[in-house]
Amino acid sequence: MFGRLSVMLFKEFIQLRRDRWMMFRLIVPLFIQMVVFGYAATFTVHHVATAVLDLDQSQASRSLISHFVATSRFDIVDMARNQRQITRDIVHDRAVVAIVIHAGFSQDLESGRAAPLQVIVDGTNSNTALIALGYLSQITSQFSAEWAARAISLNVSAVRPETGIRLEPLPWFNEGLNERWFFIPGVIGTLTLLQVVSLTAFAVVREREVGTLEQIMVSPIRPFEFILGKTVPFFLIGFGDIALVTAFGLLWFRVPFVGDPLVMLGGSSLFLMAAVGMGLLLSTFSRTQQQAFALNFFLLNPFFILSGFAFPIAAMPRFLQWFTMINPLRYFLVVIRAVFLKGVGVDVLWPQLLALAALAGVMLTVSVLRFRKSLE
Amino acid sequence: MSASGGPAVLAEALTKKFGDFTAVDHLDLRIERGQVIGFLGPNGAGKSTTIRMLCGLLLPTSGRASVAGFDVGREPEAVREHIGYMSQKFSLYGDLTVRENLRFFGGIYRVRREDFAERMRFAISMAGLEGRQNALVHTLAGGWKQRLALGCAILHRPPVLFLDEPTSGVEPEARRQFWDLIHDLAAEHVTILVSTHYMDEAEYCNQVALIDRGTLIAMGTPSELRGHRLSGQLYELRCSPLGGALKALRGVTGVVEAAIFGDRLHVVLAENAPAGADIRRLLSEHGIQADLPRRIMPSLEDVFVQLVSRGAEHRVTA
Ligand SMILES: Nc1ncnc2c1ncn2[C@@H]1O[C@H](COP(=O)(O)OP(=O)(O)OP(=O)(O)O)[C@@H](O)[C@H]1O
Ligand SMILES: [Mg+2]
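Just so you know, the protein sequences line up as chains A and B, in that order.
Numbering that gives the first Met the number 0 puts the first residue of the first sequence at 0, with every later residue one more than the last.
Numbering that gives the first Met the number 0 puts the first residue of the second sequence at 0, with every later residue one more than the last.
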């Protein structure tokens with residue numbers, strides 16, 4: 000058995016090495032993803048174009064506006080003179096946010112009444128809008144706290160000190176709430192899944208298409224020798240991917256790695272087994288490389304979106320949450336982020352590792368069974 | 000198990016259905032050892048399907064077959080150890096070199112190390128690829144590719160060899176060389192089953208099996224088929240237009256068969272057929288110019304055409 004397997008592996012690696020596009024396909028997406036997620040992917044919003052309509056024209060209103068300007072979050076692009084102008088700014092995309100300070104703003108403040116502030120946001124990009132709104136409410140509550148404090152010091156009897164709840168954020172594990180730290184470990188999972196699944200599927204489908212599969216199948220080779228020969232190389236390539244992205248993340252982006260490398264190794268092995276299983280399964284549904292490409296494309300996208308890579312699973316509708324249960328990426332992302340940032344071990348991660356092991360087992364079994372049938 | 004005695008290939012009522020469509024229909028076949036058997040038949044006749052069942056690549060729908068003494072259904076592994084196969088589609092690795100391909104197939108068949116160097120040398124010289132061992136296979140021309148594929152298929156010295164249209168798309172000179180190799184192998188008692196579209200190649204075979212629409216319609220040596228199968232004498236007739244002549248002749252008593260062969264007609268005439276001059280007159284009455292019919296030796300193609308059309312009539316009336 001070992002004889003035939005090593006012959007298969009040897010052949011596979013010669014073919015990989017000789018494929019001029021292979022190195023390109025392996026390395027370039029890796030760097031693109033690293034750069035994109037390391038630099039461009041960010042939830043932070045800066046320099047939001049803002050229009051202001053100040054109908055109060057008081058010291059208080061000017062002070063509030065200067066609070067907005069003081070942060071780099073908002074750029075005031077227009078000091079409007081009436082409501083129409085504000086509307087035009089938003090409609091013509093000159094501004095994303097408009098702040099309207101009504102006449103009587105300072106009077107309300109002085110007399111201790113709630114001073115309403117009107118904020119209009121362009122909801123076209125709901126994400127930016129929401130984040131901008133978050134900053135706005137932060138800045139206004141800071142403003143009102145300061146106002147209240149000043150009122151006390153001036154001993155203005157009408158104003159009672161604010162007794163609301165103040166939130167003090169105290170992020171653990173990623174103190175700077177650095178998105179890069181969140182994304183880079185995620186890239187390891189998504190990229191590896193993409194490459195391993197597609198490489199495995201293509202390698203098998205190509206042999207089927209070219210006819211060499213038939214030539215091999217009339218030989219006394221056993222199906223599992225062939226299957227191992229077709230999956231082990233991509234399993235190893237997957238490990239190479241993981242190692243490379245990890246090194247890049249640690250050395251270049253300075254993502255911390257506080258966990259146990261062994262947990263990562265174990266998790267990665269299980270994840271990669273599930274991935275080669277998926278690739279093999281996919282190959283049984285495709286006669287040609289084009290079909291494999293299309294399937295790959297349509298299947299892997301949902302796997303990425305429903306993995307928690309960017310969008311929180313807890314916020315998904317229930318039936319999609321159910322789907323994420325069979326997504327190996329979902330578990331692997333938890334493991335890998337935890338190992339990088341939290342430093343927790345098997346005692347905490349065992350449910351994820353168990354799920355990965357179960358998925359790997361099921362995927363491999365189903366794909367091998369289907370594959371053997373497809374040889375008929 | 001038995002590797003000695005008995006036929007090299009035996010098929011009994013071998014049948015393959017794809018859904019409702021019957022590709023191979025109760026095929027019986029017996030091939031003795033050391034024979035070169037030609038599988039002849041039009042496109043879609045079921046040649047490849049039969050070969051694929053004999054190799055264990057396809058499961059028969061019904062019937063049974065044994066190859067080299069091993070049952071195809073029950074002992075597929077043993078069958079695979081004892082056969083070589085060249086599929087209709089060229090199927091070596093184009094991105095591997097000549098040597099790497101040989102290594103790969105030698106390894107898959109577990110050719111013993113001490114035998115391998117010798118056999119690789121033999122395969123390379125057989126393919127005429129000395130000095131090109133390190134050429135990538137996709138850079139080779141058709142004839143070399145086919146001979147290399149044959150070399151790969153016999154690395155493990157199988158007693159039975161299945162070659163599915165090994166010479167299609169190969170230029171005539173390379174085809175002739177390929178057949179020389181086949182005969183060299185047959186001289187070493189390898190049983191070889193070759194499918195082909197080329198009628199002239201059938202003449203190189205010890206036995207020819209004519210297959211049409213999934214059934215074996217005739218089997219015998221080329222001369223047997225030529226001599227006994229034609230019910231009448233074969234004549235060649237130059238005339239024009241061909242189509243009109245064909246219509247005019249069919250139905251005339253004594254005209255057993257008429258078919259277009261290139262730019263002329265081949266006509267099989269029974270004893271009671273009109274004389275040559277009468278045929279010529281008959282045609283000219285239809286406005287067809289014709290020479291006198293000339294008696295010729297039938298080729299396998301003539302036999303084949305007659306058998307196939309007879310089969311078709313039989314099926315229509317049945
Ligand atoms: N996997 C399959 N599924 C359905 N039909 C098939 C399949 N394989 C072959 N056939 C059909 O069975 C018939 C016999 O095909 P086969 O390939 O055996 O013919 P052949 O004699 O080898 O023809 P050719 O000379 O064109 O190679 C054809 O009509 C073909 O379309
Ligand atoms: Mg065929």
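Worth flagging that the hints you see were computed from the coordinates, not collected in a lab.
All values derive from a computational prediction rather than experimental measurement.
Possibly wrong hints are sitting among the right ones.
Unchecked claim - Distance condition first, Cα-Cα at most 20 Å in a straight line; then the derived EDC-like pairs of lysine to aspartate or glutamate: (1) 88(B) / 208(A); (2) 88(B) / 206(A); (3) 372(A) / 259(A).
Okay, the hints, checked on the actual structure:
no.: 1; hint: 88(B) / 208(A); result: 10 Å, holds
no.: 2; hint: 88(B) / 206(A); result: 12 Å, holds
no.: 3; hint: 372(A) / 259(A); result: 41 Å, violated
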